[in-house]
Amino acid sequence: MKAEKEKRGNIKKTADKKVNPFKKLADDKRRITKAIDDGHDLSTIENIEFVRPL
Amino acid sequence: MFARYKVYRHKDGKSYFFRTRSGNTYFAYFTAFVLQDKYGSEINLLSFGFSCHLADKRKPQHYDQRIKNTIISIIEEYFTQEPRSALLFFCTNLDGKAHHRFYTFDRWFKESSFKLEKFDTPKKSAEKDFYGSLLVKPDNPEKQKIMDAFYFTIDFWKLS
Numbered sequence: 001m002k003a004e005k006e007k008r009g010n011i012k013k014t015a016d017k018k019v020n021p022f023k024k025l026a027d028d029k030r031r032i033t034k035a036i037d038d039g040h041d042l043s044t045i046e047n048i049e050f051v052r053p054l
Numbered sequence: 055m056f057a058r059y060k061v062y063r064h065k066d067g068k069s070y071f072f073r074t075r076s077g078n079t080y081f082a083y084f085t086a087f088v089l090q091d092k093y094g095s096e097i098n099l100l101s102f103g104f105s106c107h108l109a110d111k112r113k114p115q116h117y118d119q120r121i122k123n124t125i126i127s128i129i130e131e132y133f134t135q136e137p138r139s140a141l142l143f144f145c146t147n148l149d150g151k152a153h154h155r156f157y158t159f160d161r162w163f164k165e166s167s168f169k170l171e172k173f174d175t176p177k178k179s180a181e182k183d184f185y186g187s188l189l190v191k192p193d194n195p196e197k198q199k200i201m202d203a204f205y206f207t208i209d210f211w212k213l214s
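Residue numbers (the numbering used here), protein chains in the order written: chain A, 1 to 54; chain B, 55 to 214.
This is chain A alone, in the form it adopts within the complex (with noise of 0.2 Å):
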């Protein structure tokens, strides 16, 4: 439980209310979907969160 929440709570906030997270997701998806395809490693995509939980 307490590990749970400390995973919780290291996911920050990234959804501004202004900008629409799922017209984010489907744009980070587009991004991380043509790195994979072009041989990119994924950590150079900016300003997408990713979280290993596993």
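I should point out that these hints are in silico values taken from the structure, not numbers from a laboratory.
Treat the numbers as computed from the prediction; the structure is a model and nothing was measured.
Heads up, some of the hints might be wrong.
Stated by the list, open to error - Distance ranges between label pairs, derived from CB positions:
id, chain 1, residue 1, chain 2, residue 2, range
1, B, Gly94, A, His40, 33 to 41 Å
2, A, Thr44, B, Asp110, 20 to 28 Å
3, A, Gly39, B, His154, 23 to 31 Å
4, A, Thr44, B, Lys164, 31 to 39 Å
5, A, Thr44, B, Lys113, 20 to 28 Å
6, B, Arg112, A, His40, 16 to 24 Å
7, A, His40, B, Lys113, 18 to 26 Å
8, B, Lys113, A, Asp41, 18 to 26 Å
Backbone N, C-alpha and C fix where the C-beta goes; we use that ideal spot for every residue, glycine too.
Use these hints to put chain B onto chain A, whose structure you have.
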């Protein structure tokens, strides 16, 4: 236990990956997402996605059940570790095949023995090429709250 591929943490620090017998590499990743509810509160959760890097784009691709099993196993592992959380899954429409991906994922989900509930985006969202689902464990005490926030956020941004 269904046959599946071994999943590794990628050195990029951002994703997980596995290689198929045909040489393709699948990347799975989680990104932060925030839902809002009608009271103005925010609910932090994660969006899950995966994408494939084809070893040879000219080579015809064949169905490989281990890919499905591996992707489902990642989701299962997440919910085993985070039973009170939820996951968003959205389909991109880069190539006009979001609808196809959405129904493929739906079929995978139905074939899975892992007990999760899935709430889909409204049909009207599909008219805007917007396909997605919210996954949550049936016994999650926050289920209703998360589900309400999911549909509230969709309505708020006029996707329904």
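_Hint check for Lys113(B) and Thr44(A) - Cβ pair distance inside 20 to 28 Å_ = Taking Cβ atoms as reference, Thr44(A) and Lys113(B) lie about 26 Å apart, which means the hint holds.
*Go ahead and decide if the range 18 to 26 Å is satisfied by the Cβ distance of His40(A) to Lys113(B).*
At 21 Å between Cβs, range holds.
*So the hint says 33 to 41 Å: do the beta-carbon atoms of Gly94(B) and His40(A) match that?*
holds, 38 Å
*asked:* If I claimed the Cβ atoms of Gly39(A) and His154(B) lie 23 to 31 Å apart, would that claim hold in this structure?
replied: holds, 24 Å
*Falls inside 20 to 28 Å, the C-beta gap from Thr44(A) to Asp110(B)?*
With Cβ atoms ~23 Å apart, the hint holds.
*asked:* For the hint 18 to 26 Å, verify it against the beta carbon of Lys113(B) and that of Asp41(A).
replied: holds, 24 Å
*Is it true that the C-beta distance of Thr44(A) to Lys164(B) lies inside 31 to 39 Å, as the hint says?*
For Lys164(B) against Thr44(A), whose Cβ atoms are near 36 Å apart, the range 31 to 39 Å holds.
*Return holds or violated for the Cβ distance of Arg112(B) and His40(A) against the range 16 to 24 Å.*
At 21 Å between Cβs, range holds.
In this structure, none of the earlier numbered hints is contradicted; all agree with it.
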